[in-house]
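Residues per chain are reported as follows:
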Amino acid sequence: MMPTLNGTLKIAYKLLVNDKGKFAALLVGITFAVFLMVMMTSMFAGILHRSSATVLNIGAKIWVMDPAVNTPLNSIPMPDYTLDFVRSIKGVRYAVPLYSGGALVKLRSGVYQSVTVLGLDDTSLYGRPQLIEGKIDDIYADNAFVVVKDAEFPKLGNPKVGTEFEINDHRGVIVGIAKVTSSGLFGVPTLYTTYNRAISYIPSTRYTDAFILVEPKNSDAVPHIKQQVAQLGYLALTKDEFIQKTSTFYKYQTGLGTNLLIMTIISFAVGLSISGQTFYTFILENLEKFGALKAIGAKGKELVFMILFQATFTSLTGYGLGIGLASLLIMIAKLRLPSYAARITYGNLGFAFIMVVIIAGVSSYIGVRKVLKIEPFDIFRG
Amino acid sequence: MATLAVKADELVKWFGENDARTFAVQGVSFEAFFGEMLYIEGPSGSGKTTLLSLISGILRPNSGSVLVEGRDIWNMTSDQIADFRLSKIGFVFQDYHLFPRLTTAENVAIPLILKKRDWNESIDRATEYLDIVGIKDRALLPPVKLSGGEQQRVAIARAIAGSPDILIFDEPTASLDGDTGRRIVEFVKQNILNENRCIIIVTHDSRIFEYADRIMKMEDGRITGIEKGAPREK
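Residue numbers (this note's numbering), protein chains in the order written: chain A, 1 to 382; chain B, 1001 to 1234.
Everything labelled a hint here was simulated from the structure, so no lab data went into it.
What you are looking at is a predicted structure, and each value in this text was computed from that prediction instead of being measured.
Incorrect hints may have been included.
[Said to hold, decoys possible] With a cut-off of at most 30 Å between alpha-carbon atoms, the simulated DSBU-like pairs for lysine-lysine come out as follows: (1) LYS14/A with LYS1189/B; (2) LYS155/A with LYS106/A; (3) LYS10/A with LYS1116/B; (4) LYS334/A with LYS106/A; (5) LYS22/A with LYS1116/B; (6) LYS10/A with LYS1136/B; (7) LYS370/A with LYS1189/B; (8) LYS251/A with LYS14/A; (9) LYS245/A with LYS334/A; (10) LYS373/A with LYS1228/B; (11) LYS179/A with LYS239/A; (12) LYS20/A with LYS1145/B; (13) LYS14/A with LYS1145/B; (14) LYS1217/B with LYS1228/B; (15) LYS226/A with LYS301/A; (16) LYS20/A with LYS239/A; (17) LYS106/A with LYS90/A; (18) LYS301/A with LYS1217/B; (19) LYS299/A with LYS22/A; (20) LYS22/A with LYS1115/B; (21) LYS61/A with LYS301/A; (22) LYS14/A with LYS1217/B; (23) LYS1228/B with LYS10/A; (24) LYS299/A with LYS1228/B; (25) LYS1217/B with LYS1189/B; (26) LYS373/A with LYS155/A; (27) LYS370/A with LYS1145/B; (28) LYS1088/B with LYS370/A; (29) LYS160/A with LYS135/A; (30) LYS1217/B with LYS299/A; (31) LYS373/A with LYS1116/B; (32) LYS179/A with LYS106/A; (33) LYS14/A with LYS1228/B.
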């Protein structure tokens, strides 16, 4: 990096990094701020991602639901005729029901464990997970269930193919172990079975279609399908729209988003105050030197570039350290706690970067104002 | 006949407005020539430093003009004045104003770096100037590791690094003991002053008057007299 710096910036670089105490304090401030902001937003991103786990894992292109549904976990069953209606819409290749409900299983050890049961359409098994053990056809066997091997898997006693359990006084047998894209949000293991077995094993309401999964003939048919479903009084959302609706619910209707936003703003404020104050002190201590540079012949814009460079260099270094630290901590946390819900996304990184740019901008502004104000004459006057 | 380096004409500078207006320099005119060491001497508050700032392009006068090598510096834009200071004027500040986080050589190289010279070339040239002032072996040390006299030499090396025609010294002996101060000024007169350079020194240290070619006395912002100093040793 050094050979590409011009002389003035190299002076700025040396003035900055050779003042080890101040430089360390600046880095600590920005690193800490970035670390906290990334941790907060990553936790939030992880929670949002997991809140849409069912949508991601099933993978259907269009989901039909009651308009009052906010997340895949609070479904409102729809009457049977809804499925028939959806199947009759022009542009629908096929439509299948999905059962989604909670149940309590009794393990061989006698322990009771809550589970989420997803009932797939008996004919097509549309939305079936990818198996890592067993065969999917075995799901048609008596009492057959497929268990998802995610972070919650150990809560079922690390079952193997053939492991038995009780579910609502019915016998259940594990016939396959599956892997999925995302674990659920609330720490509950997931079992897959057929739709008919699900509604016969688990006490159900009058209607049992939690969602209707739709495969459109092509993407052009989607608006028409949505419109037709809306005329019936229901809601058809694409996969991305459903994920977005779920995210919106958790962000704005649960207090989760507000709390994390407050914590993120506090992190930003802490970082800004530490960095801004330290940078200000750094500029104040070097103010006479900047004045001397001005007297010697440095132009105002050269001094501004020097300060901008110092603030940018510090901020980007702190940004990198903060991201690294957050990544390391999340990685260690996930090794220790497989269910730890945090994921660093490009959005998080971009957000933290913008915040760091603001920190650098504010710090620079303070410094630039001071340096531009200093008159070389003040250096003579002492 | 000596060539004119600086010509100040009827310079006036005041601070404050209305009733609070204080005149720091009142109608000062003088000339300084290449090859001479001109002292500006006077008590504190007499306007020496203000006058120095006016003639070096640092402080704009309220009226009057300053010609340096025939150019009216106060008709220049601020960027042009900055370039003028960089190429024509070398400053030795009273407190040196060396950068403690840079090495001695890097401090000396600053005027060259501001002139957009290559970094390594600037450091090499700076080391040569440190050799001229006799402290080449201190090139890699930070200024805080040097004695007061050595720091003064670093400041002189920095002032001459840009090969300026005019050198401005502000109270060069104020932070030094008597012997060191005299040695520094003697060194400047013998090694830095030449026929193509004019040195203007603000001081009230009478111990170094013997090295002046002329001594301009100031009081209450006016010149009260010009004395001839000691003859210059050739």
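The hints, checked one at a time:
1. LYS14/A with LYS1189/B: Roughly 34 Å separates the two Cα atoms, so the pair is violated.
2. LYS155/A with LYS106/A: Within the cut-off at roughly 11 Å; holds.
3. LYS10/A with LYS1116/B: Holds - the C-alpha atoms of LYS1116/B and LYS10/A are around 12 Å apart, at most 30 Å.
4. LYS334/A with LYS106/A: holds (28 Å)
5. LYS22/A with LYS1116/B: holds (28 Å)
6. LYS10/A with LYS1136/B: It holds: about 22 Å lies between the C-alpha atoms, which stays within 30 Å.
7. LYS370/A with LYS1189/B: violated (38 Å)
8. LYS251/A with LYS14/A: The hint is violated at about 45 Å.
9. LYS245/A with LYS334/A: holds (27 Å)
10. LYS373/A with LYS1228/B: violated (40 Å)
11. LYS179/A with LYS239/A: holds (20 Å)
12. LYS20/A with LYS1145/B: holds (17 Å)
13. LYS14/A with LYS1145/B: Status holds; Cα separation ~17 Å.
14. LYS1217/B with LYS1228/B: The hint holds at about 11 Å.
15. LYS226/A with LYS301/A: Status violated; Cα separation ~58 Å.
16. LYS20/A with LYS239/A: At roughly 52 Å apart (the allowed maximum being 30 Å), LYS239/A and LYS20/A break the hint.
17. LYS106/A with LYS90/A: Violated, at about 45 Å.
18. LYS301/A with LYS1217/B: With a Cα-Cα distance of about 38 Å, the restraint between LYS301/A and LYS1217/B is violated, given a limit of 30 Å.
19. LYS299/A with LYS22/A: OK: LYS299/A and LYS22/A at ~25 Å, within 30 Å.
20. LYS22/A with LYS1115/B: Holds, at roughly 29 Å.
21. LYS61/A with LYS301/A: It is violated: about 56 Å lies between the C-alpha atoms, which goes past 30 Å.
22. LYS14/A with LYS1217/B: Answer violated: LYS14/A to LYS1217/B is near 42 Å, above 30 Å.
23. LYS1228/B with LYS10/A: The hint is violated at about 46 Å.
24. LYS299/A with LYS1228/B: Distance of about 38 Å is beyond 30 Å: violated.
25. LYS1217/B with LYS1189/B: holds (20 Å)
26. LYS373/A with LYS155/A: violated (66 Å)
27. LYS370/A with LYS1145/B: holds (29 Å)
28. LYS1088/B with LYS370/A: OK: LYS1088/B and LYS370/A at ~27 Å, within 30 Å.
29. LYS160/A with LYS135/A: holds (13 Å)
30. LYS1217/B with LYS299/A: violated (33 Å)
31. LYS373/A with LYS1116/B: holds (24 Å)
32. LYS179/A with LYS106/A: Given that 30 Å is the threshold and the Cα spacing comes to 23 Å, the pair holds.
33. LYS14/A with LYS1228/B: Cα-Cα ~46 Å, so violated.
Going down the numbered hints, you'll see the structure goes against 1, 7, 8, 10, 15, 16, 17, 18, 21, 22, 23, 24, 26, 30 and 33, while the others check out.
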